[in-house]
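Participant: Take the given structure of chain A and dock chains E, F and U to it, following the hints.
Chains as they are written, first to last, in the working numbering: chain A, 1 to 395; chain E, 1 to 395; chain F, 1 to 395; chain U, 1 to 395.
Hints listed in this document are in silico derivations from the structure and should not be mistaken for laboratory results.
Glycine included, C-beta positions come from ideal geometry on N, C-alpha and C.
Be aware that one or more of the hints could be misleading.
Stated by the list, open to error - Distance windows between CB atoms, simulated:
no.: 1; chain 1: E; residue 1: Tyr-32; chain 2: A; residue 2: Glu-288; range: 20 to 26 Å
no.: 2; chain 1: U; residue 1: Lys-150; chain 2: F; residue 2: Gly-102; range: 38 to 44 Å
no.: 3; chain 1: U; residue 1: Ala-335; chain 2: A; residue 2: Gly-263; range: 33 to 39 Å
no.: 4; chain 1: U; residue 1: Glu-214; chain 2: F; residue 2: Glu-288; range: 39 to 45 Å
no.: 5; chain 1: E; residue 1: Gly-79; chain 2: A; residue 2: Ser-130; range: 31 to 37 Å
no.: 6; chain 1: A; residue 1: Gly-263; chain 2: E; residue 2: Gly-79; range: 55 to 61 Å
no.: 7; chain 1: A; residue 1: Gly-309; chain 2: E; residue 2: Gly-79; range: 54 to 60 Å
Okay, here's what each chain looks like letter by letter:
4 protein chains.
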Amino acid sequence: MTHFPRLTLASGPVDVSAETLRAMQKPVVYHYDPVFLEIFAHTTELMAKVFQTEYDIVLLQAEAIAGLEAAAASVIEPGTKVLNLVSGVFGKGFESWIEAYGGETIEIAVPYNQAIDPEDVRRAFQLDPSISVVSVVHSETPSGTINPIKEIGRIAHEHGAITIVDTVSGLLSEDLSPEEWGMDIAVAGPQKCLSGVPGMSLIAVSPAAWERMESLNKPLRGSFLSLLDWKSSWVDNRRFPYTPSVSDVYALESVLQQTLDEGVANIVARHQVSARATRAAVRALRLEIWAANDAIATACCTAVKVPEGIDDATLRGHMRSRYGVMISGGYGSIAGKLFRLGHMGLSAHPTSVIAQIGILERSLLDLGLNVQAGAGVAAALAEFSDWDDATYTYA
Amino acid sequence: MTHFPRLTLASGPVDVSAETLRAMQKPVVYHYDPVFLEIFAHTTELMAKVFQTEYDIVLLQAEAIAGLEAAAASVIEPGTKVLNLVSGVFGKGFESWIEAYGGETIEIAVPYNQAIDPEDVRRAFQLDPSISVVSVVHSETPSGTINPIKEIGRIAHEHGAITIVDTVSGLLSEDLSPEEWGMDIAVAGPQKCLSGVPGMSLIAVSPAAWERMESLNKPLRGSFLSLLDWKSSWVDNRRFPYTPSVSDVYALESVLQQTLDEGVANIVARHQVSARATRAAVRALRLEIWAANDAIATACCTAVKVPEGIDDATLRGHMRSRYGVMISGGYGSIAGKLFRLGHMGLSAHPTSVIAQIGILERSLLDLGLNVQAGAGVAAALAEFSDWDDATYTYA
Amino acid sequence: MTHFPRLTLASGPVDVSAETLRAMQKPVVYHYDPVFLEIFAHTTELMAKVFQTEYDIVLLQAEAIAGLEAAAASVIEPGTKVLNLVSGVFGKGFESWIEAYGGETIEIAVPYNQAIDPEDVRRAFQLDPSISVVSVVHSETPSGTINPIKEIGRIAHEHGAITIVDTVSGLLSEDLSPEEWGMDIAVAGPQKCLSGVPGMSLIAVSPAAWERMESLNKPLRGSFLSLLDWKSSWVDNRRFPYTPSVSDVYALESVLQQTLDEGVANIVARHQVSARATRAAVRALRLEIWAANDAIATACCTAVKVPEGIDDATLRGHMRSRYGVMISGGYGSIAGKLFRLGHMGLSAHPTSVIAQIGILERSLLDLGLNVQAGAGVAAALAEFSDWDDATYTYA
Amino acid sequence: MTHFPRLTLASGPVDVSAETLRAMQKPVVYHYDPVFLEIFAHTTELMAKVFQTEYDIVLLQAEAIAGLEAAAASVIEPGTKVLNLVSGVFGKGFESWIEAYGGETIEIAVPYNQAIDPEDVRRAFQLDPSISVVSVVHSETPSGTINPIKEIGRIAHEHGAITIVDTVSGLLSEDLSPEEWGMDIAVAGPQKCLSGVPGMSLIAVSPAAWERMESLNKPLRGSFLSLLDWKSSWVDNRRFPYTPSVSDVYALESVLQQTLDEGVANIVARHQVSARATRAAVRALRLEIWAANDAIATACCTAVKVPEGIDDATLRGHMRSRYGVMISGGYGSIAGKLFRLGHMGLSAHPTSVIAQIGILERSLLDLGLNVQAGAGVAAALAEFSDWDDATYTYA
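Okay, chain A solo, but in the shape it has when bound (with noise of 0.2 Å):
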């Protein structure tokens, strides 16, 4: 029998706090208990707070691949013209949406190690003035690079188009706003920087984009992706479209409560140091970091590319096998070309960054690579010689 992992240091699920778990312990009600419509009520109000914004929160059951179609299905129709960002395997994967309901899509695409230039989107809105919706990826998870979505979302705006933001893993690797950055859509998960338990697409729904959905030949209604169904239902009538998976969201309660206890801002802190000190562990073991530049370097994972004289799905193995420490490699066309260091949520921290760096050396060693063993945790020790647990703090 397989044993579970020492520590789960992958890019999402990722380890979630002691206090989380037991929140999931609360004893399973009916979902019209008072109790039950107090804590869903109290959820979504914390995770405004979390968004930082005043739109409305539409907690969807199942992950945020169900969100994120549900966003396309809802304000997509036939003969609606999307403008596609594509700077990686997410963004690319979002036009099967576009065409299935009957979109148009352009795109303006780059490799998978940069990021979207804001000024190609405004030249896209010159080009085709019609462009209604605006799609694109946050944080690229798979590759670990981040796109400007403030830029983006503001040259969005001027143009009238709203915007469907995947920030799946962005929330919290950046301090971001909904309003201030002009997301329409933003759809996260539980499951990334957050610490929370996979299930639930977490979403915050502009005035703008409830008026586009209400506005389309035939809204979409009656369907599990219909994000207008929450409107009526949960939030303008505090009633269910369907069951809530109650103990999902026992958990995200007390995940957005001990996110807020901690600070937005101080978590998003965290995470860059982490990557910060992630990156020069990275390059004192003379590997090379996927991402073209740090800037675009996103602060919830990093992406490594694979060296020389190792195959990507060994190094993993041996990591997980040998010393319990589980890691994500690439994923889609990027399959077998990275591998990715995690500091996602619990783990953007000094004890786990330093843990993973020793294993990778320890690692590294015995498939034969001729690391320097200590030069990569020496690095990264440099980079938190100011870290404070006063100020990150965790349940």
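Facilitator: This is chains E, F and U only, laid out in the frame that chain A set:
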């Protein structure tokens, strides 16, 4: 602040066992961690055993309404003739998906306290042999009635149609097998008779159903609602189409193991005795059962007509706020006309049934009804004379 | 394999709340970790509030028998005259410690279904004014009776003696305060009316008791049984004499907080109503209460004489094996003469009382007794007419 | 509010596995419930297997200091000559019990960084053949040293004496067996190398020890500290002398099962490699090991001399408050002279060792010491070249 109920006797979600809660406490891991791949595969195998089937199993994230819509979306295309059997709120609700995915609805409807007559199904096929899909609800939880699925399934198969069966609360209410009962796409939920945690759709898919999905003009792929995506990813290749709900899967694995440890037939028997005892108690209190006759009363909950002189919401609110006992009311078009006593999952046991009847008696007295205290309990006790926990075993 | 019971209605340990179990899930930490020092101090403060005392609190590891022996060992020396009041098994048991630590026992004893008469205590002091310690059991759990501690304490103090009071199941059965009731060393346990986890002795110590301990010829120090060790370590210096039971302390902190949230007086009332309802049910079933009269029946459990024609062990075994309901029997010299219905802690609630009486009725019928099914439940329901969970609140 | 530590690397209590926490979540039941009787019996059997003994097992409530005093109280009577071997704080501490129970102490003492020489024990018996009890600490946790118990036990037995061995942190530091090592009363604790929950004394008792207890002039009975009470109740009759700590027993059963699943020899090896790696790291950082030589360094923690220029409490406080890493300091007469790195139980693993050394390096730098960052980690990694989790398996 509202407090948690003492007893959740609603018609789903229901209370879960301590062992199930513990299972959910396993550390959250990466979904491609070897330990999770083993657990997911094991859970799938256990599910097949509980379904008593050799059909493929799909464990879709999100509660059964997602699984039911996925079934509709996967087999209905423009022009598909669907025979929709309506004996309750959920049966009627299926129609909207038939319409949404372009099908043509042929309806057989009966009053919501009665069951579909298989002969009417046979006549429908005689009238229109081009019907290719039959949709039917096995156990209509909102009104506490049950349909003769086995006979309906046989007739559908005789006429070359496939069936979509909502057995969300039917699984473990009756001793069923998809193969023998002619269920091509059987959709169950963990939060009913399984006493599990809500948030999953548990689906058995027959070869005929897969064949139909693949033979559509435009098979549904690349969607959260696509069952074919699960076939090409998990069923055929042990990959996931998206991140599964790790903790919910832990809970489900445990629930299924507990189910097999007790034995499917024993659990069904436990539900049926509890239902008989509850109906006896209801009659001893001179209240009226909603179902037209006992043969079509479901074993998972007992719908009772709201007696003259009290209001359904008042009664349920009183039981919850004064005694901490949560039961369910009616739903949709039958709201206010009935309330439902629960004996679903773990609560199909004399201790729960007796406590529930006792509190019902106390509450009816509190609200001024002239009932004989103890009469309901006495009638229920008479039905439990053969009960033996050695047969009905729990974790 | 034997299965867990459906309902634990024994006379301690009793069932604990879901919130208490969750509290025990906190990570185990080093006992000098700052977080644990805070928790232990907080738990001590909460304990004082539940005891309604300003006396020092000692939270001794190990169940109350350790605390009671520690009290004896700490205040008795060769020659100490101890008035031991015996109205049950535990009262008699204290004598062995008096002997072991060199004291001289002066006994007042009554039959085990009666209570000590305070006037007899007064007379004992008149006969021998050199009595310096009085030992007495507040609530004799094995026989379900209670002693008039308040009057006894006052008389002891009038004569310059200190008291050792076993209030293991007395705390929350009655609304007490060590100062007002003259309890110098009051020993309670978490696993009775507090609905906590067994494994701790909860002790309030008066200044007079500390003074006596220090004034012995050879004060007890350096022993697991030394209360003075706790004074010089935790009480005075926030150090531990040995490693405390970290998880048990987490559970206790939670239990005490839940107790204060509900309110001591409310919990006492809840026990007393449940006891009244249970006695009414017993009489309606033509069974006999063990206690000589209701005024001395404890509120935490109801001892019932075993009726002619059945065997105590058979009855309890039947209830446990057939219906999963665990109750307690007699103990020591009264074993086989009585069985005890439980309404201790969380189970002091109509749902538990009704379920218990119903299963008792069913079981008596199964065993061939001629009881009227429903009669006990009806009598209990009559006593619950004023019940309101809004007053009696649980986590 | 203080927050929970990131890593508990103290010298007990230590972190426990997720599986152990889950086990503690089982419902609290009556101690004479059939399910608990089975669990307690099973736990006793598992304990014997972990102790690798056929001696009787006593699972005393309360941490090991209770078990050790119980051993002293049970075998020492006025006049008993006890050879007390002192190589550390706990060894010295035993003397107070010898005195308290009327024995006569004959002491062999060595400096607290050294071990007892078995030849000195032989000489003591030659000087005074009437010695009937030898008391010795196997692993002196406060100073990180170990005594040659096996040789000492053999010599004691040659001279007809029985031994009381404090192996609280020795069990699983070395691969021992009471029979082969001459341990008559071996007292261990769950909260050290077993990674269990504190609150129990785990005791193996030889026939010779039982015989001695029964042959005293006044055998100890009727006391919380009586081992004979456990013999006549649980060992011989499957009754309890008092209410056991139900939840702690659940935790212990799980811990013992996990221990056997991994294998005693594997766990010992895991501790020894971790200790070697830690000592190598300490030396690479130019710090000094407390133990006089590696042969007598315990495998469960590594005591390090506090280097010039920093204060022990400051260092530990800094590691805890800045980085959330909790380690232990000295104790009693050696407080302030050493600090202890932990590798006890679950933390005997490269991930914990590396994180701990890294944070130690960072902290020493923060406090102005001139250490080479990464040097300690590099030295530790070198020792882990043969590590394989497939051998060292965890739940």
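Participant: If a hint holds in the structure, say so; if it doesn't, say that too.
Facilitator: Cross-check of the supplied hints:
no.: 1; hint: Tyr-32/E x Glu-288/A: 20 to 26 Å; in the structure: holds, 24 Å
no.: 2; hint: Lys-150/U x Gly-102/F: 38 to 44 Å; in the structure: holds, 41 Å
no.: 3; hint: Ala-335/U x Gly-263/A: 33 to 39 Å; in the structure: holds, 37 Å
no.: 4; hint: Glu-214/U x Glu-288/F: 39 to 45 Å; in the structure: holds, 44 Å
no.: 5; hint: Gly-79/E x Ser-130/A: 31 to 37 Å; in the structure: holds, 33 Å
no.: 6; hint: Gly-263/A x Gly-79/E: 55 to 61 Å; in the structure: holds, 56 Å
no.: 7; hint: Gly-309/A x Gly-79/E: 54 to 60 Å; in the structure: holds, 58 Å
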